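*Asks:* Quick note: the sequence shown uses the working numbering, first residue 28, plus one each step.
Please keep in mind that the hints were generated in silico from the structure rather than gathered at the bench. Because the structure is a prediction, the values reported are computed rather than measured. Warning: the hint list may mix true and false statements.
Unchecked claim - Keeping only pairs whose Cα atoms sit at most 20 Å apart, straight-line, the calculated SDA-like set for lysine to any residue is:
1. Lys368 / Lys388
2. Lys505 / Leu425
3. Lys382 / Glu535
4. Lys467 / Trp306
5. Lys515 / Val562
6. Lys85 / Arg139
7. Lys409 / Thr519
8. Lys412 / Glu511
9. Lys412 / Gln499
10. Lys388 / Asn399
11. Lys388 / Thr545
12. Lys556 / Glu391
13. Lys388 / Trp558
14. Lys396 / Lys542
15. Lys318 / Lys515
16. Lys556 / Ala537
17. Lys388 / Phe530
18. Lys542 / Asp378
19. Lys310 / Ala337
20. Lys318 / His345
Claimed, not checked - Simulated restraints, written as ranges between beta carbons of each label pair:
21. Glu538 / Ala361: 50 to 56 Å
22. Pro541 / Arg401: 27 to 33 Å
23. Tyr525 / Ala411: 19 to 25 Å
24. Pro193 / Lys459: 43 to 49 Å
25. Asn399 / Lys520: 18 to 24 Å
26. Lys318 / Thr366: 30 to 36 Å
27. Asp323 / Ala578: 53 to 59 Å
28. Ser137 / Arg560: 36 to 42 Å
Even for Gly, the Cβ is constructed at its ideal location relative to N, Cα and C.
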Amino acid sequence: MSIPEAATLSAEQQARLHEVADLMLTIYTTLAEMRYVRPVGIIKGPHDITDMRETYTKHKLSPEIIYLYSILPYIDTDLADAGDFFQGGEFYNHMDPRQVERGRDPCYSSPREGFDVEQGEYMHPWYTPLSNCGNHSSIIVYDARGHRIWILDQIQRNSTDPFFCPLWYGEVVKAESNWGDNEGSEGSSEFWDDEDQLDQTELDGLKADRAEEIEYDEGFDIVEQMSEWDRPQALNLTNQNSLELIFSRDATDALRDINQYYRDLKEIPGQGEHTRGIWQTPKLVRPLYPKNGWPDDFNGDGFEIDMIRADAAKRARHFSKMPLQQVRRCERWAPSPETEKHKHQAENASDLDAKWGARFKLFEEEGHKMWNDRQLQRAREKVAKYGRDGKAQREEDLPLWEYEQMRVDMSGSAERTQRPENWKDAYGDDEKSIRILEIKHQHHIDRLTLHERALASPKADAERLCPGWTFQEATGMKSLGPPEMSTKIERTKDVLAYSQKYFDMIREFAESVPKEATEATKAVSAHMKRWERDVFNRQESLKKYEERLKAHGNIN
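Build the full structure now, drawing on both the sequences and the hints.
*Replies:* Here is the structure:
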């Protein structure tokens with residue numbers, strides 16, 4: 028596909044831009060191999076950019092960037108089912124007008140107009156992001172004329188490129204002598220003998236010879252070697268937003284390294300605000316790759332099955348500890364440090380508002396204690412239901428928890444495979460939305476198959492390690508799934524009873540406050556209205572649950 032911008036670029040420039048596009052595709056392909064993005068979400072070039080030209084022109088993009096956009100692959104996050112990219116940033120889609128506009132200020136700096144003013148613009152027309160910042164994360168920016176890349180932190184505006192940050196992945200880089208080992212260190216001062224030392228005349232001669240060899244146009248290299256703290260003064264730049272203040276390096280090397288960070292498992296996919304499930308816990312994900320033959324003989328299905336099980340085990344362990352943690356949390360509850368001060372004011376304040384304001388604070392504190400005591404009682408009752416020893420979840424019962432969690436997950440996966448029959452009615456001629464739904468539907472079917480395969484192992488472990496025990500017998504709970512409607516009704520009635528009781532207490536307290544204590548009266552009245560709304564909302568929820576129970580039975 029030919030575009031006019033190609034005629035303005037040299038063969039070397041085009042080759043560099045194609046190299047960037049190819050390397051980005053390599054990175055995206057690696058992420059697909061890692062089972063992070065779905066391959067269908069990788070949209071390869073060339074692209075028809077006709078509909079985007081107005082946007083590109085509006086933002087004065089250079090011919091290099093427009094040509095790059097015509098060949099650069101991107102991730103359709105809906106199709107890929109993934110949104111986070113390198114170092115917690117986000118994928119950048121140059122075919123989305125909103126993202127192109129945001130890409131002219133990817134750091135959200137709101138710069139002043141002009142590149143040579145304080146706090147000015149920093150994205151030259153020949154610059155483009157290759158990733159978005161996400162939630163205050165890193166950004167990858169490419170300079171098409173200098174063929175270099177910055178990887179920078181959105182807030183701190185310093186480099187987060189692991190090449191410049193040796194400790195980024197927790198690696199300790201040992202400082203080695205330039206002289207090598209002892210055998211090759213004849214020139215090192217550490218191995219000089221007195222008789223080997225040069226006299227001053229010979230030394231001066233060597234200095235003069237060396238001085239003639241120095242190239243004085245190497246100043247940029249010297250600046251690159253400076254710390255980022257020293258660069259502003261050395262470069263004498265007015266614009267403190269300029270990316271020249273941040274370390275950059277050759278784009279080819281940077282992109283190859285990013286891909287290698289993934290392949291070496293130094294960087295685990297995800298880690299941004301869109302990441303969900305076990306992808307949020309790289310220490311659990313990382314070992315599953317080599318276990319399944321990464322990178323040379325990778326069993327992707329085996330990896331996903333292990334991911335499903337590890338995710339269920341993580342959540343099961345979390346849920347198994349919750350009742351006892353709730354007991355401990357409630358037992359640690361203590362009154363506010365201000366309580367003694369409020370007691371003193373309630374007894375001794377001469378001002379009526381101060382006296383009753385303090386009494387209201389003490390009343391609120393009593394309400395907090397009443398709620399905590401109630402929660403403590405409920406938590407102790409739940410722990411007491413545990414079938415083994417009534418103390419806490421036993422480690423040997425975890426296979427039962429894991430199996431139950433995976434059973435619930437598989438049930439949810441099965442529900443998501445139920446294809447709606449009214450997609451056409453809902454989306455009409457919106458072919459892209461229908462295609463996305465169809466792809467997601469197929470993904471749910473594939474996921475269910477993996478869930479079924481994954482369920483076999485924890486089931487066998489539960490039968491082997493917990494013979495004769497069921498999940499309910501070991502925990503006192505029917506299921507880890509959504510509660511049945513009757514359970515929701517029971518819980519809502521319980522909380523409603525507490526809310527009603529506390530509301531009645533507030534109303535009684537309000538009647539005792541003298542009208543002359545105007546500020547205290549306002550505070551109590553506002554508090555009473557909040558709890559009146561709480562009682563009303565819970566009553567409405569109870570009605571809905573009871574209606575659903577009557578109409579649909581005791582389903583969750």
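*Asks:* Each hint needs a verdict: does it hold in this structure or not?
*Replies:* Verification of the hints:
| no. | hint | result |
| --- | --- | --- |
| 1 | Lys368 / Lys388 | holds, 10 Å |
| 2 | Lys505 / Leu425 | holds, 15 Å |
| 3 | Lys382 / Glu535 | holds, 18 Å |
| 4 | Lys467 / Trp306 | holds, 19 Å |
| 5 | Lys515 / Val562 | holds, 16 Å |
| 6 | Lys85 / Arg139 | holds, 18 Å |
| 7 | Lys409 / Thr519 | holds, 17 Å |
| 8 | Lys412 / Glu511 | holds, 19 Å |
| 9 | Lys412 / Gln499 | holds, 10 Å |
| 10 | Lys388 / Asn399 | holds, 17 Å |
| 11 | Lys388 / Thr545 | holds, 15 Å |
| 12 | Lys556 / Glu391 | holds, 14 Å |
| 13 | Lys388 / Trp558 | holds, 16 Å |
| 14 | Lys396 / Lys542 | violated, 28 Å |
| 15 | Lys318 / Lys515 | violated, 42 Å |
| 16 | Lys556 / Ala537 | holds, 11 Å |
| 17 | Lys388 / Phe530 | holds, 16 Å |
| 18 | Lys542 / Asp378 | holds, 13 Å |
| 19 | Lys310 / Ala337 | holds, 11 Å |
| 20 | Lys318 / His345 | violated, 24 Å |
| 21 | Glu538 / Ala361: 50 to 56 Å | violated, 30 Å |
| 22 | Pro541 / Arg401: 27 to 33 Å | holds, 31 Å |
| 23 | Tyr525 / Ala411: 19 to 25 Å | holds, 20 Å |
| 24 | Pro193 / Lys459: 43 to 49 Å | holds, 45 Å |
| 25 | Asn399 / Lys520: 18 to 24 Å | holds, 21 Å |
| 26 | Lys318 / Thr366: 30 to 36 Å | violated, 54 Å |
| 27 | Asp323 / Ala578: 53 to 59 Å | holds, 57 Å |
| 28 | Ser137 / Arg560: 36 to 42 Å | holds, 39 Å |
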